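Trainee: So the chains spell out like this:
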Amino acid sequence: MKKYIRNLALLVSVLSFAVTNVFAQEMIQVKGSDTLINLVQRLSESYMEENPGKFIAVTGGGSGTGIAALINGKCDIANASRLMKDKEIAQAQDGGINPKRIVVAIDGLCVITNLKNRISKLTVDEVGKIFRGEITNWKELGGDDVSITLYGRQSNSGTYEFLKDMVLKGDYSSRMRRMNGNAQIVEAVKQDISGIGYVGVGYVKEEKGLTVLNIASQAGSEYSSPLNLNDVKTGKYPITRPLNQYINGTPKGDARDFILFELSEQGQKIVEEEGFFSLPDEYREFNNKALGI
Amino acid sequence: MTNLKERIIHGIFLINGLLVVIVLLGIFGLLVFTAIPAFKEIRIGEFLFSTNWNPTSYVKPAYGIVPMLVSTFMVTLGALFIAIPLGIGTAAYLSDVANQRVREIAKPIIEILAGIPSVVIGFLGIVLVGPFISKIFGLHNGLNALNGAILLAVMALPTIISLSEDALKSVPNAYQHASLALGATHWQTLVRVKIPAALSGIIAAVMLGMGRAIGETMTVLMATGCAPAMPRGFLDSVRTMTSTIAIELGEVPYNTTHYYALFGVGLTLFIITFFVNMVSDIILHKHERLMK
Numbered sequence: 000m001k002k003y004i005r006n007l008a009l010l011v012s013v014l015s016f017a018v019t020n021v022f023a024q025e026m027i028q029v030k031g032s033d034t035l036i037n038l039v040q041r042l043s044e045s046y047m048e049e050n051p052g053k054f055i056a057v058t059g060g061g062s063g064t065g066i067a068a069l070i071n072g073k074c075d076i077a078n079a080s081r082l083m084k085d086k087e088i089a090q091a092q093d094g095g096i097n098p099k100r101i102v103v104a105i106d107g108l109c110v111i112t113n114l115k116n117r118i119s120k121l122t123v124d125e126v127g128k129i130f131r132g133e134i135t136n137w138k139e140l141g142g143d144d145v146s147i148t149l150y151g152r153q154s155n156s157g158t159y160e161f162l163k164d165m166v167l168k169g170d171y172s173s174r175m176r177r178m179n180g181n182a183q184i185v186e187a188v189k190q191d192i193s194g195i196g197y198v199g200v201g202y203v204k205e206e207k208g209l210t211v212l213n214i215a216s217q218a219g220s221e222y223s224s225p226l227n228l229n230d231v232k233t234g235k236y237p238i239t240r241p242l243n244q245y246i247n248g249t250p251k252g253d254a255r256d257f258i259l260f261e262l263s264e265q266g267q268k269i270v271e272e273e274g275f276f277s278l279p280d281e282y283r284e285f286n287n288k289a290l291g292i
Numbered sequence: 000m001t002n003l004k005e006r007i008i009h010g011i012f013l014i015n016g017l018l019v020v021i022v023l024l025g026i027f028g029l030l031v032f033t034a035i036p037a038f039k040e041i042r043i044g045e046f047l048f049s050t051n052w053n054p055t056s057y058v059k060p061a062y063g064i065v066p067m068l069v070s071t072f073m074v075t076l077g078a079l080f081i082a083i084p085l086g087i088g089t090a091a092y093l094s095d096v097a098n099q100r101v102r103e104i105a106k107p108i109i110e111i112l113a114g115i116p117s118v119v120i121g122f123l124g125i126v127l128v129g130p131f132i133s134k135i136f137g138l139h140n141g142l143n144a145l146n147g148a149i150l151l152a153v154m155a156l157p158t159i160i161s162l163s164e165d166a167l168k169s170v171p172n173a174y175q176h177a178s179l180a181l182g183a184t185h186w187q188t189l190v191r192v193k194i195p196a197a198l199s200g201i202i203a204a205v206m207l208g209m210g211r212a213i214g215e216t217m218t219v220l221m222a223t224g225c226a227p228a229m230p231r232g233f234l235d236s237v238r239t240m241t242s243t244i245a246i247e248l249g250e251v252p253y254n255t256t257h258y259y260a261l262f263g264v265g266l267t268l269f270i271i272t273f274f275v276n277m278v279s280d281i282i283l284h285k286h287e288r289l290m291k
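Line by line, the protein sequences are chains A and B.
Residues 0 to 292 in numbering that gives the first Met the number 0 are what the first sequence spells out, letter by letter.
Residues 0 to 291 in numbering that gives the first Met the number 0 are what the second sequence spells out, letter by letter.
The shape of chain A in the complex, shown without the other chains (with noise of 0.2 Å):
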């Protein structure tokens, strides 16, 4: 009996120190944009590697739930492919928390279609009355006649609202289809003749199987690609974003030893092997300032 009470407590003692020792493990929660989750986790795995003993956990689910997450408190870090919304800042304030932005790439977002479509480029105003369904045949571009297929994001995703607020300036048509995700469009778009879409520039970077359309920022001005370096970097591109995280107040500790490592050279590099843009020195400093550098 007394030999059972003694393994008991070994036992207990054992167990108590591996739970401990579990939770006493800074686990640093990633959660948000889909346009940003591939990164972010190739981030975060070079991260670990280097620094053992350290913890990052990376979902998905869109800027919204990631931004939701952080006025909620459930979450360290929030991707964010789009800006947080004044009303969301002010709820955040009102739960104490204190969202500060830090940018860690740049964005060409890519609108893509079918191979076998004969349109190659768009203007923006072009883009726009697509998606909010006043352009519903190719013919009218000067393409065949088939009617167009919209595939775009649902309302939690920070691609979506972005167009939406930086394109369409409008309502998207009620007929585009709400994908899951980047991933999702892509695969859509490959196989339907008549479709479009648009997706972050990271998932079409090495994607053959689909037309990455030119555009123009308004009609007469030059056509650009989002593939290329340089046109998203100098801004000639008309349809580029920073992808950001939040988080709340000057970052600290653990937090802030991954946010240098992904505004490091070595995480910038990362950044670019990804498909995405490093950061010009305008958000170099941008970032600074909210490190307190």
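No lab work stands behind these hints, which were simulated from the structure alone.
Using C-beta positions, here's what the derived DEER-type ranges look like: (1) B:Phe131 / A:Ala182: 20 to 26 Å; (2) B:Gly232 / A:Ala182: 24 to 30 Å; (3) B:Leu17 / A:Ala182: 44 to 50 Å; (4) A:Gly72 / B:Met277: 38 to 44 Å; (5) B:Ala97 / A:Met47: 54 to 60 Å; (6) A:Gly72 / B:Leu29: 21 to 27 Å.
Here are the computed lysine-lysine pairs in the DSSO-like style, where the Cα-Cα straight-line distance is at most 30 Å: (7) A:Lys86 / A:Lys128; (8) A:Lys115 / A:Lys128; (9) A:Lys288 / A:Lys84; (10) A:Lys53 / A:Lys268; (11) B:Lys59 / A:Lys86; (12) A:Lys189 / A:Lys128; (13) A:Lys235 / A:Lys168; (14) A:Lys138 / A:Lys189; (15) A:Lys84 / A:Lys232; (16) A:Lys204 / A:Lys120; (17) A:Lys86 / A:Lys99; (18) B:Lys39 / A:Lys168; (19) B:Lys59 / A:Lys128; (20) A:Lys115 / A:Lys204; (21) A:Lys84 / A:Lys235; (22) A:Lys235 / A:Lys189; (23) B:Lys39 / A:Lys84; (24) A:Lys232 / A:Lys207; (25) A:Lys138 / A:Lys115; (26) B:Lys39 / A:Lys86; (27) A:Lys232 / A:Lys120; (28) B:Lys134 / A:Lys189; (29) B:Lys134 / A:Lys138; (30) A:Lys204 / A:Lys168; (31) A:Lys168 / B:Lys59; (32) B:Lys134 / A:Lys207; (33) A:Lys120 / B:Lys134; (34) A:Lys115 / B:Lys134; (35) A:Lys84 / B:Lys59; (36) A:Lys138 / A:Lys168.
Below, a sample of chain B positions facing chain A; criterion: calculated Cβ distance under 8 Å: (37) Ser56; (38) His139; (39) Asn140; (40) Ala228.
It should be emphasised that the depicted structure is a prediction, and the values quoted were computed from it without experimental measurement.
Yeah, the Cβ is synthetic: ideal placement off N, Cα and C, and Gly gets one too.
Here the structure of chain A is known, so what remains is to put chain B in place on it, guided by the hints.
Mentor: Just chain B now, with coordinates in the frame of chain A:
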């Protein structure tokens, strides 16, 4: 002593029974009270009869649930249209035609079908059923109501087959013997005697299958394209009530009109399923009385 034991057991069963009722009332109450604030800003008429749902509109939010009501009914009824003949046919085959060995192999396999996760079925909808539909009907893509209906039929089939077969099996042998003795063929016995006699069980099976189909979320979310517009037919993209809640609840700020409106959608769905169950119950009882 035995008396006390009896009473304790009696009490435990009573609490178990009440618990379910309390949980049900709790869920209903939560839905009602969270949905009510939505109607401070949305007119009930707009909510129930408008065909435009766009709470995150650039211009003006709109909260009309007609397209998703229609979508939900389209995929559910479409699924039943496919699953009822297939399901009852399979059940009749298993109970009356198949020999012992076939039945012993086939029934467990059918029941395993019920265990496939809905996300896997949804994936099949994207990579298999979708391209198939687009080829057959000459469409540009196959993410539409028909796709959802086919997948939901697959999901409802195990329930319908398994329970219908049980119902057919429980028809007293005397019925069959009497029918055959009167000179009826096997087919006539099955269709005119056994299936009518088992009808209450079969209806219950179909209703349970319908319950599975109407509340299913992941599969329809993946396979129907989720365009919020009013559907124009089975080859058009649809977005059901469950998909809408699943898509939008994740990102909606708490305690806003949009948030409450989503609970309104949930309440509507709850009332529909409640109504379906009640009607099936009434049919069942009526049929039982007739049989007596």
